[in-house]
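Residue numbers (our numbering), protein chains in the order written: chain D, 54 to 213; chain Y, -6 to 148.
Hints in this document: simulated from the structure, not taken from any laboratory. There may be inaccurate statements among the hints.
Unchecked claim - Once the Cα atoms are required to be at most 20 Å apart in a straight line, the calculated SDA-like pairs of lysine to any residue come out as: (1) 79(D) / 89(D); (2) 154(D) / 133(Y); (3) 118(D) / 37(Y); (4) 118(D) / 27(Y); (5) 79(D) / 40(Y); (6) 118(D) / 34(Y); (7) 154(D) / 188(D); (8) 118(D) / 93(Y); (9) 79(D) / 66(Y); (10) 154(D) / 27(Y); (11) 176(D) / 81(Y); (12) 154(D) / 135(Y); (13) 118(D) / 106(Y); (14) 154(D) / 106(Y); (15) 154(D) / 107(Y); (16) 118(D) / 24(Y); (17) 176(D) / 40(Y); (18) 154(D) / 104(Y); (19) 118(D) / 28(Y); (20) 176(D) / 43(Y); (21) 176(D) / 84(Y); (22) 154(D) / 112(Y); (23) 79(D) / 112(Y); (24) 154(D) / 25(Y); (25) 118(D) / 21(Y); (26) 154(D) / 12(Y); (27) 154(D) / 61(D).
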Amino acid sequence: MRFFEDIEIGQRREIGSFTFTADAIKTFATQFDPQRFHLDEEAGRQSLFGGLAASGWHVGSVCMKLLVADGQSQAREAAARGEEIAIWGPSPGFRELRWIKPVLAGDTISFTSEVESLRISEKRPEWGIVQGRHTGTNQRGELVYSLLATAFVPRRNPNS
Amino acid sequence: MTLSFEDFPPGRFGTFGPRRVTREEVLAFAAEYDPQPMHLDEEAAARSMLGGLSASGWHLCSIMMRMMCDGFIGRTASLGSPGVNELRWLAPLRPGDDITLDMDVVEARVSRSRPETGIVTFRAVVRNAAGQELCEMISPVIVRRRAAVTSGQAG
């Protein structure tokens, strides 16, 4: 993971892709979002979604999964170069989460993350606050998911 | 009886739970979707800003969705949600805590583009057993109007 000083507005990363199988959609929905259009193909077809659709929370959780995996792979690369690794802090929340189009069984969603704003925390000056726009695009190139996320990122030189 | 748009006037809608969140489910969700040390490892979590093991925020959101489903969405003519305007994680969710969900309707309006439906915007607040706010969410849900529900209109 990078330190706050290594991050610039406009930096964009491809963070990976994920195929939402019918099984994965139903498993998540059974546990967390048991609405019929997330559990049953026929109910999905009759809904506004037009097919078995992943829970929006499943899509968001998968985006998180890929972000963490990408961060960990960056950390391994930094460690291999002998650099200090930044351990990111928690997130205070997000805004503008948009489930733009349904994610249907069999869809492969590719996620990207782009830095939108940077500032130093007033209450915790050893931390920076990064806002990033995470987006998901399906195999037809259609934007399906968008989120403006916030995270605490450690500063390399808090006294500078 | 199925709840329709007309059943969601602005104001307090209801309180749901309590729901126990176990250590096992916190670790299982984190391992699959959010394997950061602060959600998986007791010692690393103690050193983190959260000061101890805590559930992934996405896990809290997913449990909140389940509580909404069990509480009322399961018997509502809901057509899904277009998104979340704002979500704030205010305090960590600790393993073993019991959470409750308060739902308020902040706005209810008929859809211009699909007048057989309405858009109900909820404010959801999750609290722990001590009454501390853990999470606040503002999110719209699309709900069929009563006339469309009683006529059995597909949608």
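Hint-by-hint comparison with the structure:
1. Between residue 79(D) and residue 89(D), the direct Cα distance comes to roughly 10 Å. Compliance with the 20 Å bound is thereby established for this hinted pair.
2. For the given pair, residue 154(D) sits about 16 Å from residue 133(Y) by alpha-carbon distance, which is consistent with the 20 Å threshold.
3. The hinted pair formed by residue 118(D) and residue 37(Y) meets the criterion: a straight-line CA distance of about 19 Å does not exceed 20 Å.
4. Restraint check for residue 118(D) and residue 27(Y): satisfied, since their Cα atoms lie roughly 5 Å apart, inside the 20 Å limit.
5. Under the criterion of a C-alpha separation no larger than 20 Å, the hint pairing residue 79(D) with residue 40(Y) is inconsistent with the structure, at around 36 Å.
6. A threshold of 20 Å between alpha carbons decides the hint, and for residue 118(D) with residue 34(Y) the separation of about 17 Å falls inside it, so the pair holds.
7. A hinted pair counts as satisfied when its Cα atoms are at most 20 Å apart, and residue 154(D) with residue 188(D) qualifies at roughly 12 Å.
8. For the proposed pair residue 118(D) and residue 93(Y), the alpha carbon gap of about 26 Å is over 20 Å, so the pair is violated.
9. Of the pairs offered as hints, the one joining residue 79(D) and residue 66(Y) holds, with about 17 Å between alpha carbons and a cut-off of 20 Å not exceeded.
10. Restraint check for residue 154(D) and residue 27(Y): the C-alpha separation of about 24 Å exceeds 20 Å, so the hint is violated.
11. The straight-line distance between the Cα atoms of residue 176(D) and residue 81(Y) is roughly 17 Å, inside the 20 Å bound, and the hint therefore holds.
12. Straight-line distance between C-alpha atoms of residue 154(D) and residue 135(Y) comes to about 15 Å, which keeps the hinted pair within the 20 Å bound.
13. Simply put, residue 118(D) and residue 106(Y) have alpha-carbon atoms about 35 Å apart, too far for the 20 Å limit, and the pair is violated.
14. A hinted pair counts as satisfied when its Cα atoms are at most 20 Å apart, and residue 154(D) with residue 106(Y) qualifies at roughly 17 Å.
15. As the CA atoms of residue 154(D) and residue 107(Y) are separated by approximately 17 Å, the hinted pair is consistent with the 20 Å bound.
16. Taking the CA atoms of residue 118(D) and residue 24(Y), the gap is about 9 Å. The hint holds against a cut of 20 Å.
17. A threshold of 20 Å between alpha carbons decides the hint, and for residue 176(D) with residue 40(Y) the separation of about 18 Å falls inside it, so the pair holds.
18. Taking the CA atoms of residue 154(D) and residue 104(Y), the gap is about 18 Å. The hint holds against a cut of 20 Å.
19. At most 20 Å may separate the alpha-carbon atoms for a hinted pair to count; residue 118(D) and residue 28(Y) meet this at roughly 8 Å.
20. Straight-line distance between C-alpha atoms of residue 176(D) and residue 43(Y) comes to about 15 Å, which keeps the hinted pair within the 20 Å bound.
21. With a C-alpha separation of about 16 Å, the suggested pairing of residue 176(D) with residue 84(Y) holds against the 20 Å cut-off.
22. For the hint linking residue 154(D) to residue 112(Y), the alpha-carbon distance of about 17 Å falls within 20 Å, and the restraint holds.
23. As the CA atoms of residue 79(D) and residue 112(Y) are separated by approximately 26 Å, the hinted pair breaks the 20 Å bound.
24. The straight-line distance between the Cα atoms of residue 154(D) and residue 25(Y) is roughly 24 Å, outside the 20 Å bound, and the hint therefore fails.
25. The suggested pairing of residue 118(D) with residue 21(Y) holds, with an alpha-carbon distance near 13 Å, which does not exceed 20 Å.
26. Annotation: proposed proximity of residue 154(D) to residue 12(Y) is violated, straight-line Cα distance about 31 Å (limit 20 Å).
27. Between residue 154(D) and residue 61(D), the direct Cα distance comes to roughly 30 Å. Violation of the 20 Å bound is thereby established for this hinted pair.
In this structure, the earlier hints numbered 5, 8, 10, 13, 23, 24, 26, 27 are contradicted, and the remaining ones agree with it.
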